[in-house]
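K.L.:
Could you build all of it, start to finish, from the sequences and the hints given here?
In order, the protein sequence lines correspond to chains S and H.
Our numbering applies: residue -10 is where the first sequence begins, and numbers increase by one.
Our numbering applies: residue 534 is where the second sequence begins, and numbers increase by one.
Everything labelled a hint here was simulated from the structure, so no lab data went into it.
Where is the CB? At the ideal position from N, CA and C, for every residue including glycine.
Be aware that one or more of the hints could be misleading.
Per label pair, the in silico range of CB-to-CB distance [said to hold, decoys possible]:
hint, chain 1, residue 1, chain 2, residue 2, range
1, S, Ala117, H, Gln628, 24 to 30 Å
2, H, Gln605, S, Thr25, 25 to 31 Å
3, S, Gly45, H, Arg577, 34 to 40 Å
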Amino acid sequence: MDLSQYAELFLAESREHLSACNQLLLEWERQPAGLTPVSGLFRAVHTVKGMAATMGYARVTDLAHRMESLLDVLRRGAHPATDQLLQLLFRARDALERAVELSVVGRERELEVAEIVADLEHAALRVAAGKVGTPAEAPSEAGAAWCR
Amino acid sequence: MSHTVLVCDDAIFMRTMISDILAQAGFEIVGEAETGSQAVEKYRQLKPDLVTMDIVMPDMGGIDAVREIVKQDPDAKILMCSAMGQQALVVEAIQAGAKDFVVKPFQPSRVLEAVQRVLG
Chain S
-10 MDLSQYAELF LAESREHLSA CNQLLLEWER QPAGLTPVSG LFRAVHTVKG MAATMGYARV
50 TDLAHRMESL LDVLRRGAHP ATDQLLQLLF RARDALERAV ELSVVGRERE LEVAEIVADL
110 EHAALRVAAG KVGTPAEAPS EAGAAWCR
Chain H
534 MSHTVLVCDD AIFMRTMISD ILAQAGFEIV GEAETGSQAV EKYRQLKPDL VTMDIVMPDM
594 GGIDAVREIV KQDPDAKILM CSAMGQQALV VEAIQAGAKD FVVKPFQPSR VLEAVQRVLG
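P.N.:
Laid out in structure tokens, this is it:
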């Protein structure tokens, strides 16, 4: 199956979802106790993950998967927004956007996602463990080393 | 006569790809839905031979849509399209009345095998 015919569609739809993620993050920042933005973020990132996996973009898929896992823990625990979580999720969204753009033009190998992937994983573990403060105490290098 | 299919997924990308795979294999795509409630409504209108159903969709999710469709038509043939790591949801969908599942990322041969299993 020639996947290149779907690349434009993948890019257009991913951009749409990533733009929605920005709006949803801003909404969550305004209403930190709200659950709707987190559910919307989960769905948007889940969709990007499914499309990227289908296109064979492994790093986009991995990054989206880690982001989705954190959002799932937040969603299930009805966790409120914190500055640290919002910063991390904005950073992850930006990294995902870059990953999508580079993958479509065949430059996926240039992507460095280990740090953000480790930070997301660490945050998900902390939230799941009920350590609400989340990622600040986790230096990215340590997280990345642990992740490898 | 070719089998008719209703394709349900919130992503145009996935709907396009599934539709292409099935159309190239001779199936007739009679409708598409991007939410669970649209899927239920279109099933009622179109009575397709087969439904492909995503799990995570806005408005009404795929599993609730399966329940509603099976309530209307206990013989409905629904194939779930799941992502990796959704095993528990797939089990729930099968208990709700879905006949089988395929896991994303899709390989055309796997999709077609699953479709044949569902249509018997």
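K.L.:
Look at each hint and say if it fits the structure.
P.N.:
Status of each hint after checking the structure:
1. The supplied range of 24 to 30 Å is met by Ala117 (chain S) and Gln628 (chain H), whose beta-carbon atoms lie about 27 Å from each other.
2. In this structure, Gln605 (chain H) and Thr25 (chain S) meet the distance hint of 25 to 31 Å, their C-beta atoms being roughly 29 Å apart.
3. Distance hint for Gly45 (chain S) and Arg577 (chain H): a CB-CB separation of about 37 Å, consistent with the stated range 34 to 40 Å.
Going through the hint list in order, the structure satisfies each hint without exception.
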